[in-house]
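Listed below, chain by chain, are the residues.
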Amino acid sequence: MDSIGVLLPIPMSPYLEQELEKRFNLLKLWTAPHKTQFIKDHATSIRAIVGNASAGADAELIDSLPKLEIVASYSVGIDKVDLKYCKEKGVRVTNTPDVLTEDVADIAIGLSLAVMRRLCESDRYVRSGLWKKGDYKLTTKFTGKTVGIIGMGRIGKAVAKRAEAFSCPIAYFSRSGKPDLKYKYYPTVVELASNCDVLVVVCPLTEETRHIINREVMNALGPKGVLINIGRGPHVDEPELVSALLEGRLGGAGLDVYQNEPEVPEELFGLENVVLLPHVGSGTVETRNAMADLVIGNLEAHFLNKPLLTPVV
Amino acid sequence: MEFCLQIPTRQEAKMARLQFRDANEDDVPSEELPHLLLIHPPSSFTRLPSEICEKFRVLKAWESPLSLDQFLISHARSIQALLIRGFLMINTDILQQLPALKLIITISVGVNHIDMAECRRRGISVTNAGSVYSEDVADIAVGLYIDVLRKLSAADRYVRQGLWSSKGNYPFGSKLGGKRVGIVGLGSIGLEVAKRLEAFGCIISYNSRREKPTSSYPFYSIISELAANSDALIICCALTEQTHHMINKEVFASLGRDGVIVNVGRGAIIDEKELVKCLVSGKIRGAGFDVFENEPQVPEELFTLDNVVLSPHTAIFTPESLQSVKEVLIANVEAFFLNKPLVTPVMDE
Chain R
11 MDSIGVLLPI PMSPYLEQEL EKRFNLLKLW TAPHKTQFIK DHATSIRAIV
61 GNASAGADAE LIDSLPKLEI VASYSVGIDK VDLKYCKEKG VRVTNTPDVL
111 TEDVADIAIG LSLAVMRRLC ESDRYVRSGL WKKGDYKLTT KFTGKTVGII
161 GMGRIGKAVA KRAEAFSCPI AYFSRSGKPD LKYKYYPTVV ELASNCDVLV
211 VVCPLTEETR HIINREVMNA LGPKGVLINI GRGPHVDEPE LVSALLEGRL
261 GGAGLDVYQN EPEVPEELFG LENVVLLPHV GSGTVETRNA MADLVIGNLE
311 AHFLNKPLLT PVV
Chain L
25 MEFCLQIPTR QEAKMARLQF RDANEDDVPS EELPHLLLIH PPSSFTRLPS
75 EICEKFRVLK AWESPLSLDQ FLISHARSIQ ALLIRGFLMI NTDILQQLPA
125 LKLIITISVG VNHIDMAECR RRGISVTNAG SVYSEDVADI AVGLYIDVLR
175 KLSAADRYVR QGLWSSKGNY PFGSKLGGKR VGIVGLGSIG LEVAKRLEAF
225 GCIISYNSRR EKPTSSYPFY SIISELAANS DALIICCALT EQTHHMINKE
275 VFASLGRDGV IVNVGRGAII DEKELVKCLV SGKIRGAGFD VFENEPQVPE
325 ELFTLDNVVL SPHTAIFTPE SLQSVKEVLI ANVEAFFLNK PLVTPVMDE
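First to last, the sequence lines map onto chains R and L. Residue numbering for the first sequence follows the working numbering, starting at 11 and increasing by one per position. Residue numbering for the second sequence follows the working numbering, starting at 25 and increasing by one per position.
Some clues are possibly wrong.
In silico lysine-lysine, DSS-like type, Cα no more than 25 Å apart, as pairs [said to hold, decoys possible]:
id, chain 1, residue 1, chain 2, residue 2
1, R, 38, L, 191
2, R, 188, R, 155
3, R, 90, L, 191
4, L, 350, L, 297
5, L, 219, R, 171
6, L, 350, R, 234
7, R, 171, L, 203
8, R, 151, L, 350
9, R, 167, L, 203
10, L, 203, R, 192
11, L, 219, R, 167
12, R, 151, L, 219
13, R, 45, L, 191
Beta-carbon label-pair distances, calculated as ranges [stated by the list, open to error]:
id, chain 1, residue 1, chain 2, residue 2, range
14, L, 351, R, 198, 35 to 43 Å
15, R, 220, L, 329, 37 to 45 Å
16, R, 279, L, 268, 36 to 44 Å
Derived from the structure by calculation, the hints contain no laboratory data. Values in this document were obtained by computation on a predicted structure and should not be read as measured data. The beta-carbon is built from N, C-alpha and C at its ideal position, and this holds for glycine as well.
Make the full structure from the sequences, and use the hints.
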């Protein structure tokens with residue numbers, strides 16, 4: 011298989027690269043001085059792309075790779091892949107569901123605790139020597155607060171299970187109500203936001219869910235409400251988020267994703283009611299290795315004409 | 025023994041006493057109300073509940089121009105109840121000056137600042153916060169543990185310093201699911217921690233003074249054995265003579281290089297100097313602290329480490345916990361003076 015060209019657009023993980031190199035002709039796009047030329051030079055040998063949350067496959071890239079057969083994403087979200095076009099062109103697409111569910115859900119709760127109990131801020135307080143001058147102030151209890159979840163897929167359910175252990179009542183919004191779930195369903199996001207203390211965004215990014223968190227939702231969540239985004243940056247109207255936080259219309263935010271990573275609005279850097287993570291949702295050694303194994307497994311299955319492990323298209 | 029008392033001028037003290045007397049003018053003459061002694065003022069976050077001020081003559085030692093010793097002598101025969109926060113060691117020196125004392129109410133849950141044996145000898149009941157703080161403390165324990173494993177505070181610093189753009193992605197953390205967590209002290213707080221961490225897929229076992237027949241978690245009677253079979257230790261127990269520096273060099277070695285320690289008990293349960301050495305030299309993966317041996321002093325070697333999370337003893341400081349402890353305090357005081365069973369008595373071992 012080592013003549014099969016696999017395009018890797020950006021660095022993802024040393025383990026993934028090492029495993030890809032063992033099996034395929036790995037073409038590292040970011041090392042090329044002229045990316046367009048590089049693609050042209052290797053167009054006839056590239057049969058697979060490995061994408062992730064930042065780098066996928068749009069129509070232009072797909073058109074420039076006439077031998078492309080499969081896009082294997084090192085992520086569960088595949089909003090950066092033009093799925094419709096892939097289907098049209100007969101290009102398979104795989105992602106990495108399940109293996110990262112727990113880690114991402116853990117981050118949602120971690121962010122909720124960090125924002126409401128001011129963990130990062132009070133750590134700063136100690137390191138700056140301020141504790142010697144006086145006690146830190148009161149913070150907000152997390153146990154028992156209502157957690158609203160947008161998107162009750164694998165990750166949403168895992169978030170709910172964890173929040174329940176903190177005696178948090180659970181409410182949710184999703185494309186349709188799920189009658190087998192015992193949680194309270196709200197038919198609109200604004201209603202959900204009005205009736206919860208912590209709002210967690212954990213649905214896929216599609217045309218419908220872009221800016222699902224807008225000014226109206228943030229106002230409904232309110233000056234004591236906390237927004238947790240572990241979905242995709244474009245789920246949230248980011249400039250509106252910044253002004254809601256600066257003006258106190260929104261109580262706080264825990265963010266793992268942003269509109270234009272790795273850029274993070276600098277107005278947020280001075281706020282004590284936000285926690286800013288650099289897209290680490292699935293970022294553990296254990297999970298990233300499992301994701302890499304799944305990418306490799308899907309590619310091998312495809313090139314051996316076996317059923318794909320986790321196909322999307 | 026040193027006391028941190030603000031000694032007002034004679035004029036200020038006289039004004040304070042006059043004001044206090046004026047406030048009580050319309051009520052039952054203060055001499056007839058039972059006496060409640062406070063040595064230190066309530067914390068800056070709270071006030072003495074009005075129910076207490078209505079039912080008792082509150083003696084505020086810090087407002088008196090007298091030294092504490094003199095104050096105690098002058099009120100010795102009348103003080104039946106003492107309300108404390110945890111700053112002063114309540115031992116024989118104080119107790120022998122309060123021969124009428126029958127009840128000590130501490131706002132804390134820990135009673136390491138009270139000579140319990142001496143209280144027992146003198147027939148003095150002690151009440152604490154009971155389990156009102158347990159949820160908030162458990163939340164902080166879990167928050168600190170997630171923070172250490174997933175590097176939340178360190179990654180937040182990284183973003184705010186602009187390093188995500190300039191240096192690239194943050195290094196990977198470690199997954200919570202599947203981690204073996206050893207709870208040290210399976211009391212009210214320990215049980216709340218266990219319940220939460222189970223939902224994250226952690227595997228719970230514990231060490232406690234005695235095995236708990238109602239618990240199905242595996243029990244280790246020896247702390248270093250718990251450590252040897254754990255990926256993390258979460259300290260939720262009381263500080264006593266037995267638990268002082270119980271988490272020591274031997275325990276760190278048993279826990280190993282990948283081990284994490286979280287302390288929401290009392291600083292002195294851990295040999296802090298030794299733990300700092302282990303953290304600096306990489307003999308332990310990381311630690312989360314809400315308590316330290318000599319608060320608010322924190323070993324400065326920790327300030328440059330990314331594998332520690334430092335919290336300034338904030339676990340109980342939410343409006344809900346403070347409201348709940350006020351209710352418990354009022355309930356205990358009322359029960360005492362009505363000769364009813366105390367609500368949160370601290371039981372003997």
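Going through the hints against the structure:
1. A distance of roughly 19 Å separates the Cα atoms of residue 38/R and residue 191/L; the hinted pair therefore holds under the 25 Å criterion.
2. For the hint linking residue 188/R to residue 155/R, the alpha-carbon distance of about 22 Å falls within 25 Å, and the restraint holds.
3. With a CA separation close to 23 Å, the supplied pair residue 90/R and residue 191/L stays within the 25 Å bound.
4. Distance restraint check for residue 350/L and residue 297/L: the Cα-Cα separation of roughly 36 Å exceeds the 25 Å cut-off, and the hinted pair is therefore not satisfied.
5. Taking the CA atoms of residue 219/L and residue 171/R, the gap is about 12 Å. The hint holds against a cut of 25 Å.
6. With a CA separation close to 24 Å, the supplied pair residue 350/L and residue 234/R stays within the 25 Å bound.
7. Between the alpha carbons of residue 171/R and residue 203/L the distance comes to roughly 18 Å, so the proposed pair stays at or under 25 Å and holds.
8. For the hint pairing residue 151/R with residue 350/L, the CA-to-CA distance comes to about 17 Å; that is within 25 Å, so the pair holds.
9. Simply put, residue 167/R and residue 203/L have alpha-carbon atoms about 21 Å apart, close enough for the 25 Å limit, and the pair holds.
10. Straight-line distance between C-alpha atoms of residue 203/L and residue 192/R comes to about 29 Å, which puts the hinted pair past the 25 Å bound.
11. Only pairs whose Cα atoms come within 25 Å are accepted, and residue 219/L paired with residue 167/R is accepted, the gap being roughly 18 Å.
12. Our distance criterion of 25 Å between C-alpha atoms is met by residue 151/R and residue 219/L, whose separation comes to about 17 Å.
13. Proximity of residue 45/R to residue 191/L is assessed by CA-CA distance (about 22 Å); at most 25 Å being required, the pair is judged to hold.
14. Checking the proposed 35 to 43 Å range against residue 351/L and residue 198/R shows it holds: the Cβ atoms sit about 38 Å from each other.
15. A hinted range of 37 to 45 Å for the beta carbons of residue 220/R and residue 329/L is consistent with their spacing of about 40 Å.
16. The supplied range of 36 to 44 Å is met by residue 279/R and residue 268/L, whose beta-carbon atoms lie about 42 Å from each other.
Hint violations for this structure: numbers 4, 10, all remaining hints satisfied.
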